[in-house]
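In order, the protein sequence lines correspond to chains V and L. Residue 26 is where the first sequence starts when you use my numbering, and the numbers rise one by one after that. Residue 22 is where the second sequence starts when you use my numbering, and the numbers rise one by one after that.
A couple of the hints might just be wrong.
Here are the simulated distance ranges between beta carbons [claimed, not checked]:
no.	chain 1	residue 1	chain 2	residue 2	range
1	L	Pro68	V	Arg202	31 to 37 Å
2	V	Ser136	L	Gly45	27 to 33 Å
3	V	Gly304	L	Gln156	57 to 63 Å
4	V	Phe54	L	Pro33	40 to 46 Å
5	L	Pro67	V	Tyr97	37 to 43 Å
6	V	Gly121	L	Ala27	20 to 26 Å
To give an idea of the chain V side of the interface with chain L (calculated C-beta under 7 Å), a few residues [what the hints assert, rightly or not]:
no.	residue
7	Asp130
8	Ser194
9	Pro195
10	Pro269
Keep in mind the hints are simulated off the structure, nothing from the lab. Note that CB positions come from ideal geometry on N, CA and C, so glycine has one too.
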Amino acid sequence: MSGNAVAFVAALAVAALAFAPDAFPGLLFYHTWQYALALVLGLTVTMVYTFRERRYRLATAGVMVVGLAALYSGLTGADTATLARGAGQVVHAGGGAVVRFPIADAQTVRSGTATLDVIGRGPLRPSGRAYVDSSVLVAEMRPAAYVDAADARGRHLTVTQPQGNTFLSPVLLFPGRATLRGKTYPIDLFALPGVERQVQAFYFSPQDVAAVQRADLTAGQPALLVAITDDHHTLIRGGIAFLPQGVPTAVGDLRLTASIGRYPVLMVASAPWPPLLIGGALLAVLGVFVRRRKEAASIAANGTA
Amino acid sequence: MAAGPAALVGAPVESFTVPKLGGGNAGVADYRGKVLLVNLWASWCPPCRQEMPDLERFARDAAKDGVQVIGINEGESEQTAGAFAEKVGVTFPILLDREQQYGTAFGALGLPTSVFVRRDGTVAVAIDGPLTYAQMEAKAKVAGAAR
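Bound conformation, chain V alone (with noise of 0.2 Å):
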């Protein structure tokens, strides 16, 4: 292989190894000596051919541009995580960015359009991406479900949740799995201090609906399955019930609507700046152009390069 196709071949390693966190974020290798080792090596032979040839010096300015943000992400960015938060809370994100979790009305958790907001940036849309010094915030979205109670007589009722992230809030992540008859289904739990009573809630995804074959289920909606206790963690008489996505239903001596959809998650990962990896690859493809440019003129000059 000659030194144009190593240095070629160097060059396109470090791009594919710069261009992946923004492509795959999150992953544990870019954090690793192993991928800053191997975006040195790929800078290095890249550079080595360049000063020995005096060839193609400003493609490879790019591809240093590329490299060294991939290596400078890598190296200083924030560690991978994955940030779940109750709504109305505030989180501290890397770069120094501050993250606000939104307060979700029903209809927001069911259409899924609850947004995060990055403090004096703007919102960060569901599945959307935001880019901070050498980190990538990314919002996920997560089931979840806006519960809404009452009791017999119609009165609404209080929902806590004493052992979640926001106590006062109506709105369940599932931050917990539990299994029923060899299924695993993400589980959450709230309160009912008003009429003393707790309740379990299992989320069925649109398969697990399907997968049950209730009449009382819309098939391609998600559900919850409650059971409900009272402060002896005694389960109460009709406790156990399916709540069909957003139809009050009756469960026990209570009256619970669930609007079931989806809530964000903040991932926080490294990855380089994308304006650094795009001007860095532009000027890597510039400089190829404009050496082939120059060779082939010297060519039709003066019959060599």
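Assemble the complex: chain V is given as a structure, and chain L must be docked to it using the hints.
Chain L in isolation, oriented as in the chain V frame:
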């Protein structure tokens, strides 16, 4: 991570327009320009029930010093909140936060939760748990009350 109501201190108080006991709608922002004591409560909460008579007395006494007390009922129906307020003889405005937006936004760890707001709308003090009359007076002073 910021946690609990104390994390609100220094920030502008959040406001949501919700139904008001007795009719109409209102939000905390409608009372801006006064020192505010915003109290989150529910009738099922024993410390809230215990605190409410002192809160009512403070609301009457401190009104002349430009302090406005606002009660925010968390998640209960109008009839439940109204019956309790009538029993205690509450005269200050009660907002019915059925969707618990204030509780969520204030990062309430439990009930009652009290938030003292300066005239410029920023949070001066935020407390988890019941307050005595003397504590209400002292915290209102921190928020800029006249006396």
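> Which numbered hints are broken by the structure, listed smallest first?
Replying inline: 5 and 10
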